Amino acid sequence: MTVRRRYGGGVVATAVAAVVATAGCSAPSDDDGDGGGGGGGQDSVVIGIANEPETLSPLLGYGKDGNSKIFDGLLRHDDELGLEPALATELPEISEDGLTYRYTLREGVAFSDGEPFTSADVVFTYEAILDEGTNNPAKGELDAIESVVADGELGVVFTLEYPYAPFAERTVLPIASAAAVGDQDVNTGAYNTEPVGTGPYVLTDWSPGERISLTANADYWGGEPEVKRVTMAVIPDDDVRATRLRSGDLDAAVLPPNLAEGFADEGGMITVNAESADFRAVTLPSDNPVAGDQAVRQALDLAVNRELMVESILLDAGHPAYNAIPTASPWFAEGTEREFDPEEAGRILDEAGWTLDGGDTRARDGERAAFTLWYPAGDRLRQEHALAYASDAKDIGIDITVESGSWEIIEGRLAEDAVLSGGGDPADPDFQLYTLLYSELAGNGYNNMAHYRNPAVDEQLDAGRRSGDQAEREAAYEAVQRELAEDPGYTFLTHIDHVYVMADAWDGVTTQVEPHDHGLGHGPWWNVEEWRVRS
Amino acid sequence: MARLTGRRLLAAVPVLALVTLGMFAVAAASPFDPVRRYVGDASSASQETLDALRANLSPDGTFVEQWWSWLGSVFGGDLGQSLSLRQPVSQVIAERVGWSLLLCGVAFVASVLLGTALGVLAARRPGGWLDRVVSSLSYTLQAAPPFWLALLAIWLFALQLDVLPAGGLTEPGSDTVTFGGLVSHLALPAAVLTISQLPWFVLYVRQGVSDALHEDPVRGARARGINERTVLTGHALRSGLLPVLTLVGTRIPELITGALLVETVFSWPGIASATVRAATSTDFPLLAALTALSALAVLAGNLLADLLYGLADPRVDHNEM
Numbered sequence: 113m114t115v116r117r118r119y120g121g122g123v124v125a126t127a128v129a130a131v132v133a134t135a136g137c138s139a140p141s142d143d144d145g146d147g148g149g150g151g152g153g154q155d156s157v158v159i160g161i162a163n164e165p166e167t168l169s170p171l172l173g174y175g176k177d178g179n180s181k182i183f184d185g186l187l188r189h190d191d192e193l194g195l196e197p198a199l200a201t202e203l204p205e206i207s208e209d210g211l212t213y214r215y216t217l218r219e220g221v222a223f224s225d226g227e228p229f230t231s232a233d234v235v236f237t238y239e240a241i242l243d244e245g246t247n248n249p250a251k252g253e254l255d256a257i258e259s260v261v262a263d264g265e266l267g268v269v270f271t272l273e274y275p276y277a278p279f280a281e282r283t284v285l286p287i288a289s290a291a292a293v294g295d296q297d298v299n300t301g302a303y304n305t306e307p308v309g310t311g312p313y314v315l316t317d318w319s320p321g322e323r324i325s326l327t328a329n330a331d332y333w334g335g336e337p338e339v340k341r342v343t344m345a346v347i348p349d350d351d352v353r354a355t356r357l358r359s360g361d362l363d364a365a366v367l368p369p370n371l372a373e374g375f376a377d378e379g380g381m382i383t384v385n386a387e388s389a390d391f392r393a394v395t396l397p398s399d400n401p402v403a404g405d406q407a408v409r410q411a412l413d414l415a416v417n418r419e420l421m422v423e424s425i426l427l428d429a430g431h432p433a434y435n436a437i438p439t440a441s442p443w444f445a446e447g448t449e450r451e452f453d454p455e456e457a458g459r460i461l462d463e464a465g466w467t468l469d470g471g472d473t474r475a476r477d478g479e480r481a482a483f484t485l486w487y488p489a490g491d492r493l494r495q496e497h498a499l500a501y502a503s504d505a506k507d508i509g510i511d512i513t514v515e516s517g518s519w520e521i522i523e524g525r526l527a528e529d530a531v532l533s534g535g536g537d538p539a540d541p542d543f544q545l546y547t548l549l550y551s552e553l554a555g556n557g558y559n560n561m562a563h564y565r566n567p568a569v570d571e572q573l574d575a576g577r578r579s580g581d582q583a584e585r586e587a588a589y590e591a592v593q594r595e596l597a598e599d600p601g602y603t604f605l606t607h608i609d610h611v612y613v614m615a616d617a618w619d620g621v622t623t624q625v626e627p628h629d630h631g632l633g634h635g636p637w638w639n640v641e642e643w644r645v646r647s
Numbered sequence: 004m005a006r007l008t009g010r011r012l013l014a015a016v017p018v019l020a021l022v023t024l025g026m027f028a029v030a031a032a033s034p035f036d037p038v039r040r041y042v043g044d045a046s047s048a049s050q051e052t053l054d055a056l057r058a059n060l061s062p063d064g065t066f067v068e069q070w071w072s073w074l075g076s077v078f079g080g081d082l083g084q085s086l087s088l089r090q091p092v093s094q095v096i097a098e099r100v101g102w103s104l105l106l107c108g109v110a111f112v113a114s115v116l117l118g119t120a121l122g123v124l125a126a127r128r129p130g131g132w133l134d135r136v137v138s139s140l141s142y143t144l145q146a147a148p149p150f151w152l153a154l155l156a157i158w159l160f161a162l163q164l165d166v167l168p169a170g171g172l173t174e175p176g177s178d179t180v181t182f183g184g185l186v187s188h189l190a191l192p193a194a195v196l197t198i199s200q201l202p203w204f205v206l207y208v209r210q211g212v213s214d215a216l217h218e219d220p221v222r223g224a225r226a227r228g229i230n231e232r233t234v235l236t237g238h239a240l241r242s243g244l245l246p247v248l249t250l251v252g253t254r255i256p257e258l259i260t261g262a263l264l265v266e267t268v269f270s271w272p273g274i275a276s277a278t279v280r281a282a283t284s285t286d287f288p289l290l291a292a293l294t295a296l297s298a299l300a301v302l303a304g305n306l307l308a309d310l311l312y313g314l315a316d317p318r319v320d321h322n323e324m
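Heads up: the protein sequence lines correspond to chains B and Y, in order. So in our numbering, the last spot in the first sequence is 647, and the numbers never skip. So in our numbering, the last spot in the second sequence is 324, and the numbers never skip.
Hints listed in this document are in silico derivations from the structure and should not be mistaken for laboratory results. Every value quoted in this text rests on a predicted model; they were computed, and no experiment measured them. Idealized CB from N, CA, C, for every residue including glycine. Heads up, a few of these hints could be off.
[Claimed, not checked] Away from chain Y, derived, C-beta distances all over 12 angstroms, residues of chain B: (1) Glu166; (2) Asp295; (3) Tyr332; (4) Arg341; (5) Glu479; (6) Ser516; (7) Ser579.
[Stated by the list, open to error] Simulated restraints, written as ranges between beta carbons of each label pair: (8) Y:Ala147 to B:Glu552: 48 to 58 angstroms; (9) B:Gly517 to Y:Gly130: 47 to 57 angstroms; (10) B:Gly517 to Y:Tyr142: 31 to 41 angstroms; (11) Y:Thr8 to B:Arg525: 50 to 60 angstroms; (12) Y:Ser61 to B:Asp399: 55 to 65 angstroms; (13) Y:Tyr142 to B:Lys506: 12 to 22 angstroms; (14) Y:Leu140 to B:Asn370: 20 to 30 angstroms.
My request is simple: use the sequences and hints to build the entire structure.
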């Protein structure tokens, strides 16, 4: 109301009318002096992102994979996704049995409100997330934890319920300030929008639906960042983001490949392709008489033209996928790539008794080789993948009906119908493969949507997560991938590169292999605090 | 007048009760799952987590019971928690309602003033070139959806001419709201909202005034040789503008739906864009509060129209309404 009173009434109407009338002749005055897209160095960056987080509280899941600019985790990833210490002084000491992880904390670190950071904050953060009343959808990722206790001011000890080899990867999770949260309700308190962390940047303003503004933390333990201001402008529409990037409103943005192409010749702008573990795959439900048949699964695996999908759908910004692990990853099992071979696919189907009797669609014992494939409505990329998949399947005599719907509709049909799914977490093979393939997780929430059941795979998955020995783990995941090539419960289609266009104004811009989620913490700005302003 | 206001306020109670009950009924019948929306794209959420979230987030009981307990907490001063914005609903509304009032207020005043002026001008010479231009433009604009106008405005002023910002409240790199910045950011959304409301006023005023110009008292005045200006302002306008007062009230709901689209397209941080967000993420606590709020706005608009009508026309008795 105060706003309206101050500027209200006819005065503003007249002012607006005047602005509209003179709009044609007034000069653009949008620049704050930094310029944008001009190629010169600048100590602020405005980034256009498609989705904003619902919360900025790590207790509710913000920044769980690291890279939250407001917070630090005990550990963090380098550009190769290797683990390095952050709030801890070194990588954890792991006990012989793999059940105890001991961290020593960095001394003299303070939260942005000046309060000292201690082991109590670490214990608070993990306990708050694991608390039953906390509505953190990703809390299952910390399932292995039995207890977390402080050992003096600067020591923290995690005890696990079972040996969990990739546990250290989980400790990139941001540490919240126990004092700042105080007695707030962690689900709804002010901390969700006014976070206090130890990170390189401090939140100065968040206007939901519009923008998130960060300012460099002058007292950051890692040194004050050179880029002083980072603004995330929330612009859901791809075209609007592209045009505002072009007009100089934005310095950087995540864009779909077709729009990024338009910037190829733009002076002072660079296009950054980040490889990712972000896959698109068709779930082949085990309980479906057609999609659950091993011969059909193998045939589909050979009949899809992955190269063509990468070329025509992704405009070459991506790679063929043969399982959840990208072919470029050191964890990928060499030799499990499948060539596009529809003839071999046809032979496999013939041998298994799926025969073409005159018509276009195969059948076996009166069962037509047909099933339904869903994609979430509105997702154009998945729609195009689904249509290409159905068309490839049709060529070998499998009739796939493509339908779209909301997740509420799709969810109820996952046991029967296929869905064009997506996901990807590059940090450790366990994170993705276990939830995709483990038998016990069939139909459990959004895990194992294909209801895949394969005891040999289960055994290797268990070995992979429990063994502390790197060679044993590599062997286990290689075995999983080879088994998956024999009995593919999913048809993996592509891994998608995430494409960003940005002003060429800083040194030190790099990318990491990115997870499914991207734009905010993941993107060329994952390490913006280390950028150097180009003089 | 006080009695009319009092009676309307009393009548508002059952109306609001019914509207919010209806909203809870629709929510209960909708196929959307708030937990699914809350989790978003987090594919790793296990069944255990989902069950726990459902227990924490979903209200118990039938929709009537939910509505009743919602009413209870509203009267206790607690509007509940927004699921999509992870904030108390009262905070969401407090942070945004001012910006919406500013946008809607400016657009409304501008469209009433501009619409009346254009309508009167057109009515003075029915069939004249001005009338033809204004009327045909109005019919065209009436058919144009506000979001389309908004996209067109962004394309022209922000992208082609680059003279006005394409959205938001401030420059992307700045947090402080300055008067100049606010005016330039307000210009496009307010203009689009004004233009989308304008045709109704223009056409109503044009019709009302031109009818009034053909009524006997006006003819009589003209016959007595009273000059055209006095005829128009003294006689025709008074009766010709009466329908406009009703329109002022009835346009309020349209203004709200227009603002829904305009705020969304221009990333205006108002209450309407929060409504869209609440609806698409099935955030019922927020949606319930906003539904009640817009119902209130409509009731207030109607009351305002009736009060104005009574003041402007001595033949109308407030006590009979």
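Now for the hints, and whether the structure bears them out:
no.: 1; hint: Glu166; in the structure: violated (5 angstroms)
no.: 2; hint: Asp295; in the structure: holds (16 angstroms)
no.: 3; hint: Tyr332; in the structure: holds (20 angstroms)
no.: 4; hint: Arg341; in the structure: violated (6 angstroms)
no.: 5; hint: Glu479; in the structure: holds (31 angstroms)
no.: 6; hint: Ser516; in the structure: holds (15 angstroms)
no.: 7; hint: Ser579; in the structure: holds (22 angstroms)
no.: 8; hint: Y:Ala147 to B:Glu552: 48 to 58 angstroms; in the structure: holds (57 angstroms)
no.: 9; hint: B:Gly517 to Y:Gly130: 47 to 57 angstroms; in the structure: holds (54 angstroms)
no.: 10; hint: B:Gly517 to Y:Tyr142: 31 to 41 angstroms; in the structure: holds (39 angstroms)
no.: 11; hint: Y:Thr8 to B:Arg525: 50 to 60 angstroms; in the structure: holds (55 angstroms)
no.: 12; hint: Y:Ser61 to B:Asp399: 55 to 65 angstroms; in the structure: violated (28 angstroms)
no.: 13; hint: Y:Tyr142 to B:Lys506: 12 to 22 angstroms; in the structure: violated (49 angstroms)
no.: 14; hint: Y:Leu140 to B:Asn370: 20 to 30 angstroms; in the structure: violated (37 angstroms)
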